[in-house]
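A.B. asks: Given next are the chains, with one letter for each unit.
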Amino acid sequence: MNRYTLSRREFLAQLGLVTAGAMLTACAGPAAPGGPAQAPGEGAAVSLAGDREIAPGVLRSETLILENPTGRVVPADDFNRWRPGIQSASTGLQQLALDALWYIDPDAGIDGVWDNSLAAEKPIYNEDFTQVTVKLREGIYWSDGVEFTAEDVAYTVETLKATPGMNYNGQFNKYVASVEIPDRYTVVFNLTEPNSRFHGLFTVRWSACFIMPKHIFEKQSDIVAYTFNPPVSLGPYVLKDYDPQGDWYLWERREDWQRTTLARFGMPAPKYAMYIAAGPSDKKVMAQTAGELDVIHDIAPEGMITLARTNPTSKGWFKSFPWAHPDPTLPSVIYNNERPGLDNRDIRWALTLAIDIVRVAMASYRGAATISAIHVPPTGLYPGYYFDPIQDWLNNFTLDLGNGEQYKPYDPEAAQRIAEEARKSLGDMVPTDPAEIRKAIGYGWWKYDLEAAEKLMRKAGCTRNAAGKWVLPNGEVFKIALMAEGDTRPVMNRGAAMIVENWSEFGVDASLDVRDNATRARLTLLGEMDAEFGWTVETWGGHPDLFFFLESWHSSFYRPTGENAVGRNRMRWRHPELDRIIEAIQRLDFDDPKGIELGLEFIKLAVNEMPITPIMSYNVFSVCDERYWEGFPTAENPYTNPVANWANTKYMYVKIKPKA
Amino acid sequence: MRKFVLNYLVPRIAQYVLVIFLGVTLTFIIPRLSPNDPVERQVSQLMMSGSHVSPEAIIAMREALTEMYGLSGSVWEQYLAFWGRLLRGDLGPSLSSFPTPVIQLLATAMPWTFGLLIPAVLISWIVGNILGAIAGYYENNRAIQIVDILSQAVRPIPYYIVALVMLAVFAYWIPIFPFSGAYPPGTRVELSWNFAWIVFRHSTLPLLSLILLGVGGWFVGMKSLTSNIISEDYVVYAEVTGLPKNRILSQYIIRNAMLPQITGLALQLGLIFSGALIMEVVFGYPGMGTLTFQAVMANDYTLIMGITLLSIVGVATAVLILDLIYPLFDPRVRHQ
Numbered sequence: 028m029n030r031y032t033l034s035r036r037e038f039l040a041q042l043g044l045v046t047a048g049a050m051l052t053a054c055a056g057p058a059a060p061g062g063p064a065q066a067p068g069e070g071a072a073v074s075l076a077g078d079r080e081i082a083p084g085v086l087r088s089e090t091l092i093l094e095n096p097t098g099r100v101v102p103a104d105d106f107n108r109w110r111p112g113i114q115s116a117s118t119g120l121q122q123l124a125l126d127a128l129w130y131i132d133p134d135a136g137i138d139g140v141w142d143n144s145l146a147a148e149k150p151i152y153n154e155d156f157t158q159v160t161v162k163l164r165e166g167i168y169w170s171d172g173v174e175f176t177a178e179d180v181a182y183t184v185e186t187l188k189a190t191p192g193m194n195y196n197g198q199f200n201k202y203v204a205s206v207e208i209p210d211r212y213t214v215v216f217n218l219t220e221p222n223s224r225f226h227g228l229f230t231v232r233w234s235a236c237f238i239m240p241k242h243i244f245e246k247q248s249d250i251v252a253y254t255f256n257p258p259v260s261l262g263p264y265v266l267k268d269y270d271p272q273g274d275w276y277l278w279e280r281r282e283d284w285q286r287t288t289l290a291r292f293g294m295p296a297p298k299y300a301m302y303i304a305a306g307p308s309d310k311k312v313m314a315q316t317a318g319e320l321d322v323i324h325d326i327a328p329e330g331m332i333t334l335a336r337t338n339p340t341s342k343g344w345f346k347s348f349p350w351a352h353p354d355p356t357l358p359s360v361i362y363n364n365e366r367p368g369l370d371n372r373d374i375r376w377a378l379t380l381a382i383d384i385v386r387v388a389m390a391s392y393r394g395a396a397t398i399s400a401i402h403v404p405p406t407g408l409y410p411g412y413y414f415d416p417i418q419d420w421l422n423n424f425t426l427d428l429g430n431g432e433q434y435k436p437y438d439p440e441a442a443q444r445i446a447e448e449a450r451k452s453l454g455d456m457v458p459t460d461p462a463e464i465r466k467a468i469g470y471g472w473w474k475y476d477l478e479a480a481e482k483l484m485r486k487a488g489c490t491r492n493a494a495g496k497w498v499l500p501n502g503e504v505f506k507i508a509l510m511a512e513g514d515t516r517p518v519m520n521r522g523a524a525m526i527v528e529n530w531s532e533f534g535v536d537a538s539l540d541v542r543d544n545a546t547r548a549r550l551t552l553l554g555e556m557d558a559e560f561g562w563t564v565e566t567w568g569g570h571p572d573l574f575f576f577l578e579s580w581h582s583s584f585y586r587p588t589g590e591n592a593v594g595r596n597r598m599r600w601r602h603p604e605l606d607r608i609i610e611a612i613q614r615l616d617f618d619d620p621k622g623i624e625l626g627l628e629f630i631k632l633a634v635n636e637m638p639i640t641p642i643m644s645y646n647v648f649s650v651c652d653e654r655y656w657e658g659f660p661t662a663e664n665p666y667t668n669p670v671a672n673w674a675n676t677k678y679m680y681v682k683i684k685p686k687a
Numbered sequence: 237m238r239k240f241v242l243n244y245l246v247p248r249i250a251q252y253v254l255v256i257f258l259g260v261t262l263t264f265i266i267p268r269l270s271p272n273d274p275v276e277r278q279v280s281q282l283m284m285s286g287s288h289v290s291p292e293a294i295i296a297m298r299e300a301l302t303e304m305y306g307l308s309g310s311v312w313e314q315y316l317a318f319w320g321r322l323l324r325g326d327l328g329p330s331l332s333s334f335p336t337p338v339i340q341l342l343a344t345a346m347p348w349t350f351g352l353l354i355p356a357v358l359i360s361w362i363v364g365n366i367l368g369a370i371a372g373y374y375e376n377n378r379a380i381q382i383v384d385i386l387s388q389a390v391r392p393i394p395y396y397i398v399a400l401v402m403l404a405v406f407a408y409w410i411p412i413f414p415f416s417g418a419y420p421p422g423t424r425v426e427l428s429w430n431f432a433w434i435v436f437r438h439s440t441l442p443l444l445s446l447i448l449l450g451v452g453g454w455f456v457g458m459k460s461l462t463s464n465i466i467s468e469d470y471v472v473y474a475e476v477t478g479l480p481k482n483r484i485l486s487q488y489i490i491r492n493a494m495l496p497q498i499t500g501l502a503l504q505l506g507l508i509f510s511g512a513l514i515m516e517v518v519f520g521y522p523g524m525g526t527l528t529f530q531a532v533m534a535n536d537y538t539l540i541m542g543i544t545l546l547s548i549v550g551v552a553t554a555v556l557i558l559d560l561i562y563p564l565f566d567p568r569v570r571h572q
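Residue numbers (our numbering), protein chains in the order written: chain A, 28 to 687; chain B, 237 to 572.
Honestly, I wouldn't trust all of these hints.
As the list claims (entries may be wrong) - Derived list of chain A stretches under chain B, where covered just means 3 residues or more per stretch with a C-beta under 8 Å from a C-beta of chain B: (1) 81–92; (2) 110–119; (3) 295–305; (4) 531–545.
Claimed, not checked - Facing chain B, from chain A, some residues (calculated, C-beta under 7 Å): (5) 101; (6) 166; (7) 252; (8) 271; (9) 272; (10) 274; (11) 275; (12) 310; (13) 313; (14) 549.
To be clear, the hints were calculated from the coordinates, so they are not data collected in a lab.
As the structure is a prediction and not an experimental result, all values here were calculated from the model.
Where is the CB? At the ideal position from N, CA and C, for every residue including glycine.
Generate coordinates for the entire structure from the input sequences, incorporating the hints supplied.
C.D. replies: Structure, rendered in structure tokens:
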């Protein structure tokens, strides 16, 4: 008879299980503060309606799950959005819990492009733009029951101004002389110098200066070290729970959501919102296919194609090819206009005509690019503001190829050619209607014409050596290293590689210079580059004002190669006419329609000089799954941007509805 | 005893201290040789994030961040301050997650890495060595030959590919395992059997991927050692005396072949402190590997130093412990 209850084998097996369990349980970090003790989500109860709980008491059908593109947030418990380097911005914090004075939508907007959010009306400038008065909404409350007032706005500006190292410290020190509070709902900023765009600091495009809760921060002895945990919310949601590893954040709709600014548009439909670190592109595809991720922030074009083919509820910005949402940014070839050869406008134009936009679009986005021949992105409302009005001018624009030969470089059919090429692999998914193609893939681009490019190079005094390579007038072989991103944005890397190939075929000694982001940022700011494939043009998207990026293109901000560029003039381009345009825009009111006229003048100047070669918008493959929710923003219903880390996406919450 | 302490123990402890001192010094110097500057990174990030920043504001911001991050003063002053903090057990604040202390970040990531890598290393080591010894001794066994072929076939495949294939097969096509993380979103981290089971399920795929390749390495090494040992006189003599084969294998062959494998195991365990970067990235597993990746990408000097320091201390300590216990395994050392 066996003396033991368990055999040796059984004992060892159970010991192994217990040990493994104990070891893995020991991995458990400290429980997140602020939330009630809960049981795990996996395997949790299934409701009577057959619904799944993703956390105790949190039904999947009541939850919108979105990708946080930051990934894992380290440290997970830091919500001080006003400190540089904060990683939790896109965890729902700036989308759902923080609020700003104004929002400008990168698309059409929920009720027009401009939204007075915490402000009751637009900024009121005095005549010489040295004073701004802001009227605030009444009846808006923080989630702890304290009313939002002018005290909060004044405190935010004065505190950030007085605290070195905090965001906006430099801007407020430069522009704000003093802040007055005439009454509980009015703030007056006295500026140190005329500034017609001061309100831009408080206007959300992707982000902006959000307002701090004075009653919380004023109690802290060190606001730089303060983690603002749990965050007191001014938005319609409060933080319910979060992962101590920073992989997910769960927000719950406030019971008093009516006392927030978003309530003007109705009740946010999701009772809960969860922002998760979704991992690389292939995992996002798996997660959305499994119904575990409603909104993908961005994936590789191949991932989008897979979802379009295999998951019928996955929807892109466009209902079919090219699916992606065009961000109001403009990936371009940014030349260092001070390098020999690249300081010559004819050579820059020759390089532009040596780029085959069809091959670049195919290489980078498999054709799903939205191209731009001009120096603003083809996104939001910009086609109406700038692209339509300038088509005639572009069609008639001529280049002097030398010896008096005039040449029209614009190719209005470029987008059609991209569509035809894409149709070879994607078939019927690619639209055939020219109007649809124009909306999705863009207008025209510059001709791929090596003969014209050759003439421009000759006109600039260049010759070819025995190997067929271009030689500059100073006798040096013309070399260009095109700096580009690596794995962080494969579409940019692949686009740059194709441009290098195009130039090599033309006889330029071109190479691809892939750098990590930190090195790339350092070198491009210093101008230690021949050219870079990146962007220096960003716009509001919905609003036509170009001052957003143009301000730092003014020659007063110019820094020579070797010194850190200030703002966006990494190409080191200066032009008296450009200064005149920028100064004229600066003297205008933000909404003055003359701004568009001046913007068109800028575009004509930039086309003529070609200091950077515009390529396309940065298309973001934001994919929304309509399995649980519907009514996401699309090109047909562009009430806001679906790109999940933008603070503007708060408007999505009041437009989506549970799937019937 | 006195002889043991003076001739064996003291030199090894002195060597241990010297290795750590040099390691820490190199760890301090190397990130600073990088042309990338964490302050400049923050500044450029801010400039690229939206609104315009004036030149004066940028200069002020640079100065403020340099001061805040403790990067002001000469490198020598920073070095002395670094040792001062280190001896007080303070690794300083992380620059990319400022002002969170590096120690706090390490403490959060470490248990996950330990929880996965220690079982992976131990299981691989045990299974690989046993199978390797059997393969080396029973060369004609059909079953072990299949294991040998599989091991040789899998071992050269880059880990990244193996991990992705396992992920695609067992999490996507045949979805029996979760495809990401150590637990699903919404799960509260807590000490409970239910949570342990969830973590176990999530850890299975990364664990298997590590074991699959780990076993191959130990297998090949042990098989090679065994093949050499079976021709030694004492093995031949044991066989001639008619001892059972299993006894020859366990008492004569494995015991002698184990010594270099024990050294390898100690070094592997020491390296655990730096995590398994590719595994953690592919499987979305929290731990030291992910933290290292983030630190390098963000040029976070202090965090890189903290992680490297742990790794140096881990390996040096493992070697020291090995040196101290080696006489237990190898009688020749005891006699010396």
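A.B. asks: The structure should be examined with respect to each hint, and the outcome stated for every one.
C.D. replies: Tested hints:
1. 81–92: holds (count 5)
2. 110–119: holds (count 4)
3. 295–305: Answer holds; 4 residues pass the 8 Å Cβ test.
4. 531–545: holds (count 3)
5. 101: 5 Å, holds
6. 166: 29 Å, violated
7. 252: 5 Å, holds
8. 271: 6 Å, holds
9. 272: 4 Å, holds
10. 274: 6 Å, holds
11. 275: 4 Å, holds
12. 310: 5 Å, holds
13. 313: 5 Å, holds
14. 549: 6 Å, holds
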